[in-house]
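Let chain A serve as the given structure and place chains B and C on it in line with the hints.
Protein chains in written order, with UniProt numbering: chain A, 1 to 263; chain B, 1 to 254; chain C, 1 to 208.
Do not take every clue at face value.
Unchecked claim - Heads up, simulated DSSO-like pairs for lysine-lysine below, C-alpha to C-alpha not over 30 Å straight-line: (1) A/50 / C/204; (2) A/184 / A/62; (3) A/62 / C/137; (4) A/235 / A/54; (5) C/17 / C/195; (6) A/230 / C/195; (7) A/217 / A/188; (8) C/121 / B/169; (9) A/230 / A/188; (10) A/235 / C/137; (11) C/77 / A/54; (12) A/206 / A/184; (13) B/252 / C/114; (14) C/114 / A/235; (15) A/235 / A/184; (16) A/217 / A/194; (17) B/94 / B/80; (18) A/62 / C/121.
Derived by calculation from the structure, the hints in this document are not laboratory data. All values reported here derive from a predicted model rather than from experimental measurement.
Each chain, letter by letter, is given below.
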Amino acid sequence: MARRYDSRTTIFSPEGRLYQIEYAMEAISHAGTVLGVLAKDGVVLAAEKKVTGKLLDLSSAKDGGYGGSGEKIYLLNSNVIGGVAGLTADANSLVNYARTAAQRHLLQYNEDIPVELLAQRLCDMKQGYTQFGGLRPFGVSLLYAGYDPHYQFQLYHSDPSGNYSGWKATCIGANNGTAQSLLKQEYKDDILVKDAIGLVLRTMSKTMDSTTLNSEKLEFAVLTLDPETKRPNAKIYRPAEIDALLLSEGLTKQDDDTEMKAT
Amino acid sequence: MPGMVSMTQPIQQSFNPYTENGGTILAIAGADFTVIAGDTRQSEGYSIQTRYAPKVFRLTDKAVLAVNGFAADGNMFVKKVRQRLEWYRHAHAKDMPIRAIARLIQTMLYARRFFPYYVYNILGGIEEDGTGAVYSFDPVGSYEREACRAAGAAQSLVQPFLDNQIYFKNQTPAAGTAFPKHLPLSTVLPLVIDSFTSATERHIEVGDGLEIYVVLARNSTALAGLQSLRGVQEVTGTNDGERVFVIRRDLKKD
Amino acid sequence: MSIMDHNGGSVIAMVGKDCVAIASDLRLGDRALSISSNFQRIFPITDRIYVGLPGLGTDVATLRERFRFRVNMYTIKEEREIEPETFAHLVSSTLYEHRFGPYFIEPVMAGMSKTPSGGYKPFIAATDLIGCLNFAKDFVVAGTASSKLYGVAEGLWEPDLEPEDLFETISQTLLNAADRDAFSGWGAIVHIITKDKIITRTLKGRMD
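Excised from the complex, chain A in its bound form (with noise of 0.2 Å):
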């Protein structure tokens, strides 16, 4: 019915819709979830992998590098992480521009990007692709944890139309509306990181949608301020870090199968 008017982003459809970024927001709707929680001293990412199995090399994220397995969150600049839903290609594109910016801006004005700034740049450079050049837009959703000296921690959304809102606590992805309403539930103003990641941890549990909650399936990433240094800290976990600290909250969930054996 609508067919006409959606195979080039540049046109309205005449009840005045863009088709293509509909379209892209469903395909993000498949992706992943990718949750985030904003704290009084910092932020709080986890997300859901789907590319999984025995056969990933999953070597540089075990020893080396940053940890993460470079499919869902990633560093953007030493103040910001950030967490993606949706096409894994357009997602490596947009992560490589905000790095770029986040450069881009150090070498103009010495400083770490402020973070909204970031999800400007990416946000400015998204909307260009649903007005000009006929080219389709990026399929990604980006959740962007961040800390600057202005406004300290914040946590921002941005989707494939280059809107972008700032949040408290916020869901992309699958089951985005379950998680939605049980962070609307049960956030609070004044919550702190080490209570912030048992909040997301148990959202996490009770949205994903595989049955095994471990670093199989799981990205997390925390963002807090180091103390003595008073720089922003990144820290995105490692698979046996992940381990360790569903451990230590309890949410330590096996097979169903395991736990029937168990019991």
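Relative to the frame of chain A, chains B and C by itself:
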């Protein structure tokens, strides 16, 4: 088109009377000796004219002159100085003392103030009081007595090394001790050789061979050590007591 | 006057036994007028790589920030620190990009590079202002006092110097060479880099 010169402006052609022949010289004064050394390479641009062209010349048993810069001027200047020394010998029945030779060289150079000898001279030898002396000159006759001086292509490489090793610049002596005012010949000779091997490494115009003249005062303590070295040739002319020796060494030929 | 001589300054790096040293003077001038006696021209790139940037002062600041940009991008994408050899090539290509309108800097690098067995090997390198690399085994020099630095270093350096001895050697080399150069001096700083720590000292020298 390439090779075609613009015909709008005339270009004045002229003969350049000078050229640079490379090489490096150096002189160090001891308590009762002086060492004057120079490499033996003569070059012009990237070409080597000869691997053996002496730059250090014995004037008397007490004075040795090293000349560096434009070889033609250097060689001619030495001839003229030797001629003046001979006239002095005829007139005064004795050799010119070294400080007088130094002053003579100043006047000879300044006489050509407006078409100079393109040479940096270093005069080394024994003063009337028996101490080692080094006098260094610029091309128009400005001169000064010093303890050590390097000149020529590798002057910028060698002089700071000598500042550190001879004058002990930027070094503080151990508590309760002091640096010696003069170093013995056994220390100075290896410093001279090291200066030239270092200069040969890093400067293309230095190399091929090294000629070191050692002038000893009467009853110099350095005499014994000298004669035990290999390849030492004596070139003393008189029996007044001062002695002059030449030591030759190879330097890298590349 | 050559643009490279306008602000003055010199840098030297030397190899020792399981260590490297990099040192520079602290002068910034406007031709013959001396302006600053604490002008930093050596910067850390990683914990184990330092780069010295002698030459035109404005380009010192610009290149330092351009390298920071590119090394940050490298680190964040590779998820590991850049190695000295790789950084040297990064310096070379950054300079060659401006082949026909160059930065008036002749960078000098010193660092410790990882060996396959997990140990560390001393590393030094230098480039000219358009990026020609020089991987020396003994020492590299650059700046207004470069010919003097060559002379003294050639005389004083020997292989396998321990960190404390390397410190004395590089310090004497820099001080005596700078004292013969009108455009270098007014203070000096030395960094000794070993596999697990970096010792930085400022030298007492002639302030003229």
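The hints, checked one at a time:
With a C-alpha separation of about 62 Å, the suggested pair residue 50 of chain A and residue 204 of chain C falls outside the 30 Å cut-off, and the hint is violated. Among the hinted pairs, residue 184 of chain A with residue 62 of chain A is inconsistent with the structure: their alpha-carbon atoms are about 34 Å apart, more than 30 Å. Among the hinted pairs, residue 62 of chain A with residue 137 of chain C is inconsistent with the structure: their alpha-carbon atoms are about 36 Å apart, more than 30 Å. Distance check on the hinted pair: residue 235 of chain A and residue 54 of chain A sit about 26 Å apart at the alpha-carbon level, within 30 Å; holds.
Taking the CA atoms of residue 17 of chain C and residue 195 of chain C, the gap is about 11 Å. The hint holds against a cut of 30 Å. Under the criterion of a C-alpha separation no larger than 30 Å, the hint pairing residue 230 of chain A with residue 195 of chain C is consistent with the structure, at around 28 Å. Straight-line distance between C-alpha atoms of residue 217 of chain A and residue 188 of chain A comes to about 27 Å, which keeps the hinted pair within the 30 Å bound. Distance check on the hinted pair: residue 121 of chain C and residue 169 of chain B sit about 33 Å apart at the alpha-carbon level, beyond 30 Å; violated.
A distance of roughly 25 Å separates the Cα atoms of residue 230 of chain A and residue 188 of chain A; the hinted pair therefore holds under the 30 Å criterion. Under the criterion of a C-alpha separation no larger than 30 Å, the hint pairing residue 235 of chain A with residue 137 of chain C is inconsistent with the structure, at around 39 Å. Taking the CA atoms of residue 77 of chain C and residue 54 of chain A, the gap is near 25 Å; set against the 30 Å cutoff, the hint holds. Under the criterion of a C-alpha separation no larger than 30 Å, the hint pairing residue 206 of chain A with residue 184 of chain A is consistent with the structure, at around 14 Å.
Proposed proximity of residue 252 of chain B and residue 114 of chain C is contradicted: the alpha carbons are some 36 Å apart, above 30 Å. Restraint check: the Cα-Cα separation between residue 114 of chain C and residue 235 of chain A comes to about 25 Å, which is no more than 30 Å; the hinted pair holds. Taking the CA atoms of residue 235 of chain A and residue 184 of chain A, the gap is about 26 Å. The hint holds against a cut of 30 Å. Distance check on the hinted pair: residue 217 of chain A and residue 194 of chain A sit about 22 Å apart at the alpha-carbon level, within 30 Å; holds.
Our distance criterion of 30 Å between C-alpha atoms is met by residue 94 of chain B and residue 80 of chain B, whose separation comes to about 18 Å. A distance of roughly 26 Å separates the Cα atoms of residue 62 of chain A and residue 121 of chain C; the hinted pair therefore holds under the 30 Å criterion.
Of the numbered hints given earlier, the model fails hints 1, 2, 3, 8, 10 and 13; all others are met.
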